[in-house]
Amino acid sequence: MAGPSLQHPSSTPPNPTEVAQLEEPLTPLHQPLLHESGLKHTSGEARYVDDLPSPPGMALCLVLTSPHAHARITRRDAAKARAVPGVHAILFAEDVPGLNDVGPVIHDEPLFAVNEVQFMGQSVGVVVAESYDACRAAAKLVEVDYEPLPAITTIDQAIAQGSWLSDPHVMKRGDVDAELWKSEVKLSGEVRTGGQEHFYLETQSTLALPEEDGSVRLLCSTQHPSEVQAIVAHVLHVGRHLITVEVPRMGGGFGGKETQAAPFAAMAALAALKLKRPVKIWLNRDQDMAQTGKRHPFMTRYEAGFARSGELKALKLELFSDGGFSTDLSRAILDRAMFHSDNAYYVPALMFTGRVCKTHLPSNTAFRGFGGPQGMAVIEAIMSRAAEVLGLDPAELRAKNFYDDAPRNVTPYFMEVKHDRMPRLWKELLASSDYLARKSAIESFNASHPHARRGLAITPVKFGISFTTSFLNQAGALVVMYADGTVQLNHGGTEMGQGLHTKMMAICAHELGIPPASVRAMTTATDKVPNTSATAASSGSDLNGAAVKVACETLRARLQPVAARLLGVPSESAGDILFAGGKVFLRTRPELALPFGKVTQEAYLSQVPMSATGFYKTPDISYDKSTGRGKPFHYFAYGAAVSEVELSGLTGEHRVRRVDILHDVGASLVPTIDRGQVEGGFIQGVGWLTCEEVLFDAKGYLLTHSPDTYKIPAFGDAPLDFRVQLLEDAAQPDVIHGSKAVGEPPLMLALSVVAALRHAVTAFGRPGAHVDLKMPCTPEALLNAIEAVRSV
Amino acid sequence: MARPARELIRFEVNGDWHELAVEPRTTLLEALRYVLKLTGSKQGCDKGDCGACTVLIDGRPQLSCISLAMTAVGRKITTIEGLAEGNRAHPVQDAFDLCGALQCGFCQSGMMLSAAALLADNPRPNRDEIKQALSGNLCRCTGYTQIVDAVEVASGQRDVPERDERPTTRRK
Amino acid sequence: MLTLPPFQFHSPKSVAEALTLLEAHGAKAKLHAGGTDLVPNMKHRLFTPEHVIGLRDVAELHRIGERDGALAIGSMVTLADLARDERVRAIFPSLSSAAAQVAGPQLREMGTLGGNLALDTRCVYYNQTYFWRKALGYCLKKDGTVCHVVKGGQKCVAAASNDTAPVLLSLGATVRLQSPRGSRELPLDQFYVADGIRNTVLEPDELITEVRVLLPQGRLVTGYQKLRLRASIDYPALTVAVAAWLEKDGTAQWIRMVISALGARPHAVKRIEHLFGKPLDAAAIDELGQAAYKQCHPLTNINVDPGWRRLMIPVFVRRAWQQALAPGPQ
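Protein chains in written order, with the working numbering: chain U, 19 to 810; chain Y, 620 to 791; chain B, 27 to 356.
Everything labelled a hint here was simulated from the structure, so no lab data went into it. Please read these numbers as outputs of a predicted model, since none were measured by experiment. Glycine included, each C-beta is placed from N, C-alpha and C at the ideal position. Treat the hints with care, since some could be wrong.
As the list claims (entries may be wrong) - Computed list of lysine-lysine pairs in DSS-like fashion (alpha-carbon distance at most 25 Å, straight line):
| no. | chain 1 | residue 1 | chain 2 | residue 2 |
| --- | --- | --- | --- | --- |
| 1 | B | K181 | U | K717 |
| 2 | B | K160 | U | K98 |
| 3 | B | K39 | B | K54 |
| 4 | B | K168 | U | K158 |
| 5 | U | K717 | B | K39 |
| 6 | B | K177 | U | K717 |
| 7 | U | K436 | U | K204 |
| 8 | B | K168 | U | K717 |
| 9 | B | K177 | Y | K695 |
| 10 | U | K158 | B | K54 |
| 11 | U | K616 | Y | K695 |
| 12 | B | K39 | U | K158 |
Said to hold, decoys possible - Chain B residues, not near chain U, derived (Cβ > 10 Å throughout):
| no. | residue |
| --- | --- |
| 13 | L47 |
| 14 | T155 |
| 15 | A161 |
| 16 | H174 |
| 17 | Q216 |
| 18 | I223 |
| 19 | L241 |
| 20 | L246 |
| 21 | R256 |
| 22 | A257 |
| 23 | D260 |
| 24 | T277 |
| 25 | A294 |
| 26 | A308 |
| 27 | Y319 |
| 28 | D331 |
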């Protein structure tokens, strides 16, 4: 367990008399700290959107959706439905006063379909009524006639028919064809990764409250309140100043509430303004799974050239993603897949080409990793295969190809790799996981067991941190102090369980030298911090934390002269006044300390402003897509995992026996929170790669529409032995308090399970037999792979 | 069919008897959340496949989203709001908090009620028994290991992380 | 949120009272045992009964006891109680094991033996919300005329997914059914029919009151194995229940083997009588696995590859027999 001195941020502040000395534990930073919502969650008092008291007259919504994957709408008639008692309104595209579009980047996603529907479950209209019964009764009476059109439901069909959502994006270095031709060993093939349903436990929900002046306040479960605000404003054709979006908290997000909360929020806002009454929209699980997008499935064709020594010489990739019916964030997701097609490896000659396919399926969207996992899955499959073909130890082959000193330190997009933690991390993990000894133990197990085989693998993760759309790398904060020395903290990030508020409170408390219990993290709202970026790309702490720090520095600078006066220190020494442990004191005279609250009280009386904003933008990042060159990332986060599996040759079923993770989070802001992110991200990755399968039938009908058919990992799927360590002595320069982003990178550590399964599969056949293992590695897929190596 | 009349039902929730008039089709979850305003029990999937709505009925963990309020008549229901005894937190509540066995919190109440029911039956369960007893509750955030740790802490089989202020009291 | 359709709720206190209600409402009524299958199905509008008759308060249906050389289990005994019952665990370990593996812990606390036996069949095109079934044009089992699993199929192939049914079939159990018209006791293999739409002979006014399993006179060995993708809150993709009466010399006086979760009716594997009176050794078990494999043909009625499910039959048959023949308490 985490070490001593756990503090709950909302527990009683320590007695001020006990904390006069200046010691390390006085700061909550880099210490185990309990989750800011812990008490609220364990007592049941934490409120999500549907837990808020229903305002009088509140109406409910049911979305009318398309029953076809692709069809023309030939007639629409809601006259009978409107007559159902209790129905307030049935709204269609013509009822939208502004722009009937919710596309976050490109306007190709209608809020309500107009002449054509492009996926099964697409919104055609919305019923607003006093009860769900009335909604449902009315929905049955809405008449919409469709003329079905041919539907594209797979990447292969889209490629064959030239159905695209983007132009090709190309990254290129050297003469890849010549290098491939020269290579001693050439590998080629195709790697496919499947979709993944977010399965946030709380489905999409918004409560819209009409207020004065034609304004609307939205309580919304979203990772991106500013974008919801912007979209709602243009749908309603009003200025953004009339729309306020507030996020009470989310019951999970994982990317699924980055862009895809907006359409439903817009429907509720539209209805609320029209009806002048509060309106709540809350999707049931089946609707949510059918209507919202998932992780992008990818199909990648590869040609790789290796030297017999295992050195990668050339790599040619063609990536195709399934964007669904509209663009959403698909282009940026494809970009990130390409940015991570190298993972931690230097590729001397390369050409990566990527393109987003348009299909008649829900619009696929952000999901933890944002294309990164899909890119890494390909290179890791290639590395595993190269080791199998060359008869080399996969760990050695991987290490041989890591980034290194110049010239082997330049990524495929010409960014220099600095502060490379991988060699050190790899070495430490090989040792701490006892990799070599376990590998030989597994060989003897495999030689003796009648029908089970074990596999062991280590895989790396190098993940670029920053939004690759560079201008998004900005954040704001508003810190409000009261005369009694307590603080309200507003920042642009949203809390979905990941512990962002806990980290922000720790930073704020550290900067002002007060206990975390004196700081209250407020719900995220667009009227506190404007024009925010999504809480996404793992960037929440980096960006918002830096903004919080700036705001606190401003406040401290204002308090220093006040404290100087109280302490009788000359005003030119005010800069030497420190804030720690709830006290304010001169660096050289810590024994003469004032309580923080006394200084704030005096500041108020002295007419000193007590609130401050902070702003941060990531310096020095840019990327030019036309040339495929730039520095899209501020830095890289690193990690590696060793996974051991046991695979049944009779059934294809497997168990993850043990997992050792060593992950680089820099100087962790709050290690207890980071450990939760590493473990949770890993298991979510294991789900994507082994048991979660999004299935559509040929007509575009979602077959996995609820938890009875879509299986996320349960208790029994966690590794039997799970050892997570954070890399020590790893402070990162130029990032808030030396920390590093942690939200997404650990998900990709789960690729070690696939590599371990491949190892186990190979043990069923002759060495060098070609392993063809499909992802997700379901028992069927594994048994097929086993049968294939056996029959060689 | 015509809407059947509301029926007056009585059951005990968190130690207090409640009398409420409900339509017979009301689920126990609807009665708890929307009539009694006990919103700690969550609706995750609406059909008994995720465990977020778990409550204890006569001490046994059951799914309130697919239970009829009518079938709870005369029974003793415990929700997350009633897990603490007065001001004293249930060991499971402290342990989940201390072990970081929570993130978004949406599965939390169901998870903790399943854990509380287990410890009532089996005060010192091993890790397999814990996983078995909680296997009807899905969590999408934590990866489960810290939850198993938390139940071990709650059952006194694992050390509680030391800290100055333990959350042993809570608002009722 | 998925609300339930309106209905009147009745809670009879005795079987007689329940039968009076069934007589009055018959086809317009549904019996509610644990509700774990009925309530979600009603949320999906697969059933919209005007009356729901809750059996929770019928005390006489909650008993387990020995009577006339048989173990009599009331239909309202919960799956959790059945799994916890020491006597059941000692005498019919496969039944205990099956009950302990149904769905997840909460569902076992709610679900009952009677409800499990009368469980509706499942299909990926049937267990859906009203909207999705309508979008697809409905199906044979409910409101429609086409089967989406078998192109041109005229017979519903929705699958049985109850764990206790194959086990009780392998144990030669009988069920007592009562209706206002009287009472009948049926061997369980006459209770199920090969029709996915309604896979039992239970009449709308009939109630399962009791399950009876003859107590073994000699050495009964039993086994139950279940294939599913996730170890909890998941439906079976294949179930295998085995039972045999072993003589002192290890030969099997009789053998029963039931395969389920593939089609509408649990399948009692046939043409295995030639193995009676012979030792139940590895060769015999292989032969049993092959017999089961040949007789079973899974379909795409659930999202698990039917080819793989079929391949798993001999594996799970072997595991079930290994479990049955393992020394010591199971």
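Checked hints:
1. B:K181 to U:K717: Distance ~22 Å between K181 (chain B) and K717 (chain U) Cα, so the pair holds.
2. B:K160 to U:K98: With a Cα-Cα distance of about 19 Å, the restraint between K160 (chain B) and K98 (chain U) holds, given a limit of 25 Å.
3. B:K39 to B:K54: 20 Å, holds
4. B:K168 to U:K158: 17 Å, holds
5. U:K717 to B:K39: At roughly 50 Å apart (the allowed maximum being 25 Å), K39 (chain B) and K717 (chain U) break the hint.
6. B:K177 to U:K717: Answer holds: K177 (chain B) to K717 (chain U) is near 14 Å, not above 25 Å.
7. U:K436 to U:K204: 30 Å, violated
8. B:K168 to U:K717: 20 Å, holds
9. B:K177 to Y:K695: 50 Å, violated
10. U:K158 to B:K54: 23 Å, holds
11. U:K616 to Y:K695: 51 Å, violated
12. B:K39 to U:K158: Distance of about 39 Å is beyond 25 Å: violated.
13. L47: Label holds. Min Cβ-Cβ 26 Å, cutoff 10 Å.
14. T155: Check fails; 5 Å does not lie beyond 10 Å.
15. A161: 3 Å, violated
16. H174: 8 Å, violated
17. Q216: Holds, because the least Cβ-Cβ distance between Q216 (chain B) and chain U comes to about 30 Å, which exceeds 10 Å.
18. I223: 20 Å, holds
19. L241: 35 Å, holds
20. L246: 27 Å, holds
21. R256: 5 Å, violated
22. A257: 4 Å, violated
23. D260: Non-interface label fails for D260 (chain B): nearest chain U Cβ at 6 Å, not farther than 10 Å.
24. T277: 27 Å, holds
25. A294: Answer for A294 (chain B): holds, closest chain U Cβ roughly 24 Å.
26. A308: 13 Å, holds
27. Y319: Check passes; 13 Å lies beyond 10 Å.
28. D331: D331 (chain B) is in fact no farther than 10 Å from some Cβ atom of chain U, at 4 Å.
Of the hints listed earlier, those the structure fails to meet are numbers 5, 7, 9, 11, 12, 14, 15, 16, 21, 22, 23, 28, in rising order.
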